[in-house]
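The whole structure should be built from the sequences, with the hints applied where relevant.
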Amino acid sequence: CHCYALSGKASDMDSQLKIGFIGAGNMAFGIAKGILAGNVLPVNVRVSAPSSRNLGRFQELGIAVTHSNVEVVSGSDVVFVAVKPHLVSPVLNEISLHVTDRHIIVSVAAGVTLTTLEELLPENSVVIRLMPNLPCMVQEGALLFSRGTHAKQEDGALLHSLLHRCGLVEEGPEAWIDIHTGLSGSGVAFVYLFAEALADGAVKMGMPSALAHSIASQTVLGAGRLLRESEKHPAQLRSEVCTPGGTTIYGLHTLEQGGVRAATMSAVESATVRARELGQKSAAASRK
Amino acid sequence: MSVGFIGAGQLAHALVRGFTAAGVIATHRITASSPDTDLPTVQGLRKLGVNFTTSNKETVSQSDILFLAVKPHIIPFVLDEIGPDIEDRHLIVSCAAGVTIGSIEKKLQQYRPNPKVMRCMTNTPVVVREGATVYATGTHAEVEDGRLLEQLMGSVGYCTEVEEDLIDAVTGLSGSGPAYAFTAVDALADGGVKMGLPRRLAIHLGAQAMLGAAKMLLDSDQHPGQLKDNVCSPGGATIHALHVMESGGFRSLLINAVEASCVRTKELQFLADQEKISPAAIKKTTLDQVMQQPGVTAGAVGVRSQGISMFSSNPRTKKK
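Chains as they are written, first to last, in the working numbering: chain A, 1 to 288; chain B, 1 to 320.
Everything labelled a hint here was simulated from the structure, so no lab data went into it.
Hints may contain errors.
No more than 27 Å apart at the CA atoms, straight line, and that leaves these computed lysine-lysine pairs for BS3-like [claimed, not checked]: (1) B:K106 x B:K266; (2) A:K33 x A:K84; (3) B:K47 x B:K71; (4) B:K215 x A:K232; (5) B:K57 x B:K47; (6) B:K228 x A:K232.
Computed from a predicted structure; not experimentally measured.
Here it is as structure tokens:
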């Protein structure tokens with residue numbers, strides 16, 4: 001059951017909590033690693049997938065593996081549905097009979113709304129929609145979750161405490177999930193693009209490619225850490241790097257002339273709009 | 001303390017109006033001179049109670065602090081004219097864009113060994129006591145001279161000392177700055193009019209928005225980026241507008257403008273230092289009037305048939 005007080009009690013309960021994963025892809029793996037970094041013991045985790053292809057790395061962590069989705073649901077309190085969006089409907093149909101009101105179902109499927117999820121599951125099911133991002137795999141994810149109709153604050157708090165070793169975990173209304181997708185789901189790719197371009201610039205100026213890439217990635221990482229740890233506004237940090245008449249302000253001027261800010265804002269916008277579109281499409285499809 | 005202005009144009013007028021409003025000096029202790037008595041600013045100065053004269057020499061003798069408020073290409077004439085009359089007490093403050101302290105000291109050193117020279121760059125809003133002024137100190141000016149100038153210019157806005165090599169950048173930023181702001185408000189008002197506001201209201205609101213924002217920024221220790229965030233509610237009107245601005249390259253435009261103004265200032269200074277200027281290039285009436293002053297000879301102001309060298313130390317030597 002999930003009637004417990006927040007914080008202190010929750011971490012005691014964590015170690016007894018049974019966690020299940022339907023789907024054994026990168027997202028499931030990243031979240032599993034984060035969960036194990038907390039209080040959850042591998043013996044209390046299980047994962048299912050149709051093929052054995054991806055199950056090896058879970059086994060290496062001491063996690064039990066199976067091909068039966070029903071087995072995962074029956075043996076778990078919290079179930080992560082980590083399959084591709086078009087598979088959500090058949091999977092939920094398959095497990096629906098085994099979902100009770102003691103389960104917390106957490107979907108990480110992009111574009112699948114809480115309404116859709118709740119329609120596919122028994123009435124009064126506790127559903128939470130979670131949007132992680134790729135760096136969950138190295139425990140530096142940005143995760144936003146949104147509670148369904150019957151998910152209470154304590155359920156959110158439980159999920160929060162389970163996931164906190166995956167990275168940054170925040171709660172918000174469902175409307176923010178598409179924005180989070182654009183900002184941080186796709187945002188990771190935007191950063192990779194920028195890192196590649198930084199390296200290309202260095203290569204143009206005469207640095208060997210391998211070294212340029214290595215330095216570019218460390219630059220992005222270092223800047224990111226400094227940004228997070230300093231808690232200063234990025235504009236403030238940017239100003240602090242710019243000595244008058246120095247190299248940085250010259251480079252920044254060129255970036256501004258290239259309209260990088262506007263392009264970045266537009267990129268987040270395009271990705272968000274697309275996430276909304278996909279959400280509407282999948283909602284329409286599952287109603288058929 | 002008495003203040004004198006060589007030149008009675010926009011700059012002198014604006015500064016006097018500012019000083020008067022600030023009450024930092026009584027107008028009867030201010031003297032201004034210009035050969036041209038028809039300038040509208042001359043009338044304005046007279047109305048303020050300033051002692052107006054056509055004799056630069058008289059301004060020099062009546063003043064302790066002497067502002068050179070003439071166009072840059074007139075500076076050498078003025079220096080040759082007043083050079084012999086400069087005393088130990090005089091503090092020469094040049095406001096001419098692009099004219100270096102070194103060039104002024106070199107000229108004046110023909111007449112006395114240690115001329116006290118300072119150079120300042122100010123801007124038009126001194127007239128409403130919201131000027132932005134920087135000054136650089138010459139070789140023989142003392143700390144007290146700097147403090148005195150700072151007191152005067154501080155009464156009409158912000159004033160701080162800088163190294164001389166930064167003055168061109170200041171010109172690009174706050175010297176030209178008011179023009180950027182006027183242009184911005186004009187355009188903002190157009191936006192308001194397009195969306196249905198009457199013109200006068202639109203201008204007033206646009207200007208007030210800029211004034212208010214500037215005041216908030218100056219009063220806060222937050223970065224302007226943070227203050228911008230504070231105005232932008234999620235998904236709201238302002239962030240939509242900002243995106244439009246970014247798409248138009250707003251930031252880089254402003255960077256480019258400051259750079260262009262600074263570069264042009266340096267260019268003008270370079271031209272002035274390097275090239276001969278023909279007499280025709282100088283406003284003829286001004287030259288004639290300068291030449292009509294008692295005690296002024298053609299030789300003394302460095303007029304030669306081939307041209308005028310701006311900063312030759314010996315007027316009779318042909319400059320290459």
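### Query
What are the numbers of the hints the structure violates, in ascending order?
none
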